[in-house]
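For reference, the chains in residue letters:
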Amino acid sequence: MSRFKLFLFIGALFCVPVLSQAQTRSIISNLANPAIGMSALFLGQAAPNLNQPYGIQFQEAELSVISTVDPYWTLAANLVFAADPTNGVPDIVEAEEAYATTDSIPNIQIKVGQMRTTFGKHGLLHTHAFPFIQAPIIMGNTIGFEGFKDAGLEAAWLTPLPWYCELTGGMYAPVSNDINGQGNHPLDFNSNAHDNIPYLGHLKNLFDLDDNTTMELGASALTGMGDDSLHHQVLGADFTVRNVPLNQSNQRGWILQAEYLKKVSFNSAVYNQETDGWYGSFQYRLSQNWWTGIRGEEAFNATPDLSVDPTENSLTGHVQRATVDVAWLASEFSEMRLDYSLARNDAGTVDNRVMLQFNYVIGFHPPHSY
Amino acid sequence: MKYAKAWILLLLSWTLTLPAFADLKVATSLSDLASVAEAVGGKHVSVISLCKGYEDPHFVPAKPSLMKAIQDADIFVSVGLELDGGWLPLVIPGSRNPKIQPGSKGFVDASEGISVLDKPVGTVSRAEGDIHPLGNPHYYADPMNLTIVADHLADVFSDLDPANAADYSANAKDFDGRMEKELKKWEKELKPYKGSPVVTYHENFKYFTKRFGLKDFGTVEPKPGIPPSPRYLDETAAAMKEAGVKVVLYQPYYDADTAQQLARKAGATAYLIPNEVGGVDEAKDVFSKFDYIVSTLAKAFGGK
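So the protein lines, in turn, are chains A and B. Going by the working numbering, the first sequence opens with residue 1, and the numbers climb by one from there. Going by the working numbering, the second sequence opens with residue 1001, and the numbers climb by one from there.
Keep in mind the hints are simulated off the structure, nothing from the lab. Here the structure is a predicted model, which means the values were calculated and not measured. Honestly, I wouldn't trust all of these hints.
[As the list claims (entries may be wrong)] Cross-link-like lysine to aspartate or glutamate pairs, in silico, DMTMM-like; alpha carbons within 25 Å at most: (1) Lys262/A to Glu332/A; (2) Lys1052/B to Asp276/A; (3) Lys1025/B to Glu332/A; (4) Lys111/A to Asp1072/B; (5) Lys1105/B to Asp1118/B; (6) Lys1052/B to Glu216/A; (7) Lys1223/B to Glu216/A; (8) Lys1206/B to Glu332/A; (9) Lys1188/B to Asp1174/B.
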């Protein structure tokens, strides 16, 4: 009998750590973890007039997380790992976006944090969602190739008008740096005085022309002070007609889009139109797997394309560029794209580029806006 | 005085032309859910579906006009199981309507209570195509699953509009009764073809084949969301020939040429059937949708 008790006692001792381990595991729950995804871009570029080696390079990878915080807020973040454009070394990590949104207020969405601000049309896109491999030249010369990214607060009001009419207002922190912290952001909101907060206004109208076709008209304005005591302002207008046959929504469709941006600086005595430019593009979906597109653009007083050409060999001044693109989507989650662009400026300098981009997505990826 | 009369008349005529205001404004992601909501809600609800019946529910363009359409909705009914997960995460927050955000009383996941098929076991990988990690979301292809949806909606409607709860409950009961009666008719019509094999474009017909005892032979697409290669079509056609499969089914939003090409190669026939209400003109509600599917299949298997 005593041996049996001893056996039970020893057996119970063995069970204690097992129970303890099970309880320890159960108090750490991963059930409410955020949705996680990653996209990665690899780019091969052959550009005869750039001092860059040919070959495939790492362009960027973006780690996205999103989750509801509580019944009132949702938090999203995009952390970007990118190659340094000056040497191609993938050593840049940036909190490109980290913002909270709330939909608890009728008709108004509030967004607060580090964000890609609601300016224009192309400026809303992440790099992997660009319709062509390169951003239009005028983007880099005004709000930044990937749009104006800054910390701040935005409120977007869906008006009660019969069509989709959204009015957005935003206020941000004065910035001077580009996304790589290199101190050359084209907006030059460099002042640190108390009254120098940049403001944004954006109006978006969308009309259904029929079941398959929509027309969008947008206008944007972003204004702030620079350390040169001048107001710096970017104005934009965009126009998009998009056709998606509803019974072939992942097989056919086309997008006709144009956007104009202008950057000025001024005070009571001075008015400088620093740069302006436009692009017009047409994209056509041939099938579930194939897209093609063509884009024409023009930029006045263009500045060097530092994000792809640290040697500043790209074209300056009055530049015109044409691009053709063909993309093959093996599935919704991978894409290969071949672009050819030809640019020239008034000085007669020509820039030819052939680019091949590989685009991959894993995990959860939020749907792209329409 | 003359002007006052004119104003009164004008006001009166304007008032008379105003639409009747429903007690509940209901929006759904899928036309089948809208059809059930109309049956359950009756005169007390106005209903819209964001996805048309001839539109692929996986790939609805998240147009801002859809956000506008649900800006004032009281209830949003999602099909759930991530079928609408490619576009709803834009449309629902974009509506700026706190009443229908996930977690609120007005957001309904219609898949609650459904016995879900094809739940992945083990690790979920996109090597298997664009699979649904929560299981096959096309449960509305089984008529009896719609009775579960109807009962669920009656509860939600009653909760948000208690004054008309008795009507919602009675309407759901009527809907369930009619569906059970119609099901017996459909089962009788397809009984001679029990065990007959079909090839479908996508795995969106499994709940139907299970209910009516048909055999899923395969799909036109090799994996969910992946278009077929010529080689895959050849191999599938050869297998269909060997097994004597004579029926290929596709929906209006899939590539008809590919479905017909496979059928030709296999010596079969491709039939257009609506998986959702509105997929063809005859499918005006869930009952006429199943009428159309059943009669098409009976003709197909009967060789008529």
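Which hints from the list above does the structure break, by number from lowest to highest? 1, 2, 3, 5, 7
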